[in-house]
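Required output: the full structure, derived from the provided sequences and hints.
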Amino acid sequence: MLIQTTQLQKDVQTTDGILHILQPIDLQIAAGETVAIVGASGSGKSTLLSLLAGLDLASSGDVLIDNEKLSELDEEQRAKLRADKIGFIFQSFLLIPSLTALENVMLPAELAGNRQAEQQARELLGKVGLSERLTHYPNQLSGGEQQRVAIARAFVGTPKILFADEPTGNLDAVTGQKVEDLLFQMNQESGTTLVMVTHDSDLAARCQRVLRMDAGRLSEVQQHVA
Amino acid sequence: MWHKISWRLLRHELRRGELTIMAAAIVLSVTAVLSLSLFTERLQSGLLARSAEFLAADRVLSSRRVIDDAWLEAAAERNVQSARRVVFNSMAFAGDQLALIDVKAVSDGYPLRGELKTALQPFGEDQVTDGLPASGEAWVASALFQELQLEIGDSLDVGEKTFTVTRVLTYEPDVGFSVFTDSPNVLINYVDLEATGLIQLGSRVRWNVLFAGDEAGLDDFEQWLLPQLNDDTHNWRSVEDGDSPLARSLQRAERFMLLASLLGVVLAATAVAVAAQRYCQRNYDAVAIIKTMGGSRSQIQAIFIMHLLLLTLISVAVGLLLGYLLQAWVIEFVAAQLGATLPAATVKPYLLASATGLISALMFSLYPLLRLIQIPPLRVLNRDMTGNDSLSWLHWLASGGTIYALLVIYSQQWLLSSALFAGGALAAVLLLSIGRLFIKVSRQAGMQAGSAWRLAMAGLQRRAKANSVQMLSFSTAIMLLLLVLALRNELLADWERQLPADAPNYFIINVDRGDVSSLQQRFAERDIVANDMYPIVPGRMTAVNGVPVRDEVTKEDEAGNQQTGEQREGFGRELQLTWRDTLPPNNILSAGQWWGDNAEPQVSIEAEVAERMRLGIGDVLEFNIGGNVFEVPITSVREVNWGTLQPNFYFVFNTQTLSDFPATFISSFNLPSDRKNELFELFRPFPQVSLIDLDAITDQIREVISQVSLAIGFVLVLVLIAGGLVLLAQVQASLEERQKELVILRTLGAPSKLLSRSITYEFLILGAISGLIATLAMELALWILQTQVFEMAATLHWRFWLIGPLAGAVVVGILGRVSCGRLIRRNTAQLIRSLA
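For the protein sequence lines, the chains are L and U, in the order given. Everything in the first sequence is counted per our numbering, starting at 1232 for the first residue and increasing by one. Everything in the second sequence is counted per our numbering, starting at -19 for the first residue and increasing by one.
Any given hint could turn out to be false.
Said to hold, decoys possible - Among chain L residues calculated to face chain U with C-beta under 10 Å, some are:
| id | residue |
| --- | --- |
| 1 | Thr1278 |
| 2 | Leu1280 |
| 3 | Glu1299 |
| 4 | Glu1303 |
| 5 | Phe1321 |
No lab work stands behind these hints: they were computed from the structure. Model, not experiment: these values are computed from the prediction. Note that the Cβ used here is the ideal one computed from N, Cα and C, for glycine as well.
What follows is the structure in structure tokens.
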């Protein structure tokens, strides 16, 4: 299994006592799978994503990524793990506003010490159809273009896992559809494992597995073979 | 790799104007410090050189005995020039006339600083004269021409030597302000001194050696010389010593410049502090993104520390360049105004300025940077995460320490820095509390008002904590601005009072009692503004409360400076006593009562003398006037402004006590220089009257004051710019917060007009409150400064109570409105996207 959780739990202390955001979760995702996590707002989807990606720490239980226990890694090691194996796509794109499209895409590769960063970034931006936009800053790009830059950035380190948080949430239907197509196409080409949090049931339906999060509890909705 | 990312970020951000405020703050702090310190250093050495003329040297050694040649040689070894000057009283004979004169014998090189001026006829047009009287020649003051009915080429006997009078001596730089000592001066060459036969053991002679050279040489010589001096016989003086109006003006100006520059530095540093905070906040997202993409902590540290360092270095370089240009431009302007060149500066100001920029940028960014590096990657999913606040004490410590360090580095005075710092810290705490209170109160008031006002008040209240910090910097900036402005006005007004356009430029002494009214009449006929006539009765103070005063020092001191600072016991010389019915102008009664009609014998005493001799109301003084010994009680103590060009006295008696003694009269008057030719005619009927020309000296003082005024204007402008920058940085810093609110309000359908009004009102209120608090704090600070630092009378500044809040409201209001205007004009979708 590429991703595996055992009794993963997340609690937060509030004025009214302890709030259990995630009830114990056991989850296995195999390499190359595409998985959608759906559920209402506040059900704990994003929290699960942040734990899987090592952005946050669990209260109890474990996450194993490619056989590495996240709870046994310190912040630096988790960063290293993300640099080597994980890509991200966010609802709000999260490009660095003072870097150009090309530089944004190069960033993760450069952080990982990849000497071919620029060349790879150019190729990827070509793939997402933005060869003409390399030197544009994010605020000079439309929402759809920004998300395409983000997709290129997510693939630049040839990650094993791609985490996507509402990747089309900030886009209109037509643009969203195009971005969606691009994402799945590139994912398929690179054989990356995709874990996606979404509200959009159509988008979720394009994944091999759909998991539903409900008040911190995770359940399998459907499973079909792609 | 990280340095590439760092440089790339910096380059783009600079080009996109995102670092403008931070860069501008650093540039400004460096520019301000460099131009100020370059300017003050150059101006000060210029002024010092100028005022050195009053000593005719940089340092003067006075002695009661001949000064050994070895000391002059020791000076020469250190590249310090020297010249001898010997001053004594004597009688001079011309034909069958005789007069008491001051003889000044000087050696080659005199004057080492300043210039001599002479004319070819009494009261004639004079010009700068190089060189000295040749052996056998004498240059003689105008008054003596009058008294002895001399003409150029006549003979003048001084002691056993006969001199030929070759020039009229009109100006000696070291003539000083003393009016009483002075019999007319006769300048002769040092080589003729012995031939006069007047210098014998026990003669009343003041031996001086003048020294001049560069600071290093002088310091070296001073260190060598001072241990060998004897307090009883030697007196070592520099320009900054002394009690002349010029010395006082200079000291005040220097203190003002130092203080204003300090405030400027603090303001610039504050701007850097505010901008640094904002600079780091801007990068929160970038850090979170980089961490999410797998950037390690050390990579992030390296990226942002390098980013900050590069930004700082570039800004410091730009600041140095701008500061140099600005200062060069101002100096050129000043030099053009004065027709003079100012000496070049040392490297110190450059170091000081660079250090200020580096220290303030790095130290103020320390804590924001620490927080920045600690931003959790989770921020990419939860945008409210900003890391922990637990180290905020570090921020206050680093900021406070930095400001204190800057103060100390800049002023090199522990005491002044500590006082300013402690005062500032106290004021900050007070301002914070008052600010919050004000906001609370105005919130309640605002609930009664229209919707834009209500929105504004609600905004103020909601951001109370942020606002009170914001108000602190608004208030500080406004306060410092008002302070510098008020202080400058006070200082200029004080000088103006001291040297009004019609300040006396001539003193007359030796007026006979019988001539007083006819002389006054002649003044009136010619429309000449003259001060009161003061009678002069020479006398000695012989005992205090029946105990004789020690009076071992004899008339020797008369030849020197009449401002006594040296005598510990008696005065050691004859005093000039006067009588009057009314308190002299510019005197302030500090103790006791003025006598009015009271005919009982009594005396009023000058405050500094009273302090020095430990005298007070009720002490009985014994005086000896021409053999008549009598006692009078002290009934009042006066503060005397020695800076005024009017006759001033240590001892003033009531009329009944003194008026029966023989007296001559003294006064001062103003005669425009284009009417100089009337002087001869004016005084023709009064041949015994001596005239002392103060024109040259008052001109010199005016010139110095105008230089200093220019400098102060310059400082003021820089402080203004620094203050404006603080305000701008602060408004900018609050924009992001406001942006979120705007989105919500706009989305809810609030019209632009309402939003822009509520924002404008909010800033107006913030500005007005800040202005009010600033005025309050300014009055307090000014009171302390005026009474403790500048030795001026404290005053209230009612105008500022209007100007402060008004200016605060207008400036902050406009800055806020303009900065937020951009946000309001953007449409909601854009706003939402920019927040996402």
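Now the hints, each set against the structure:
no., hint, verdict
1, Thr1278, "holds, 8 Å"
2, Leu1280, "holds, 7 Å"
3, Glu1299, "violated, 14 Å"
4, Glu1303, "violated, 17 Å"
5, Phe1321, "holds, 6 Å"
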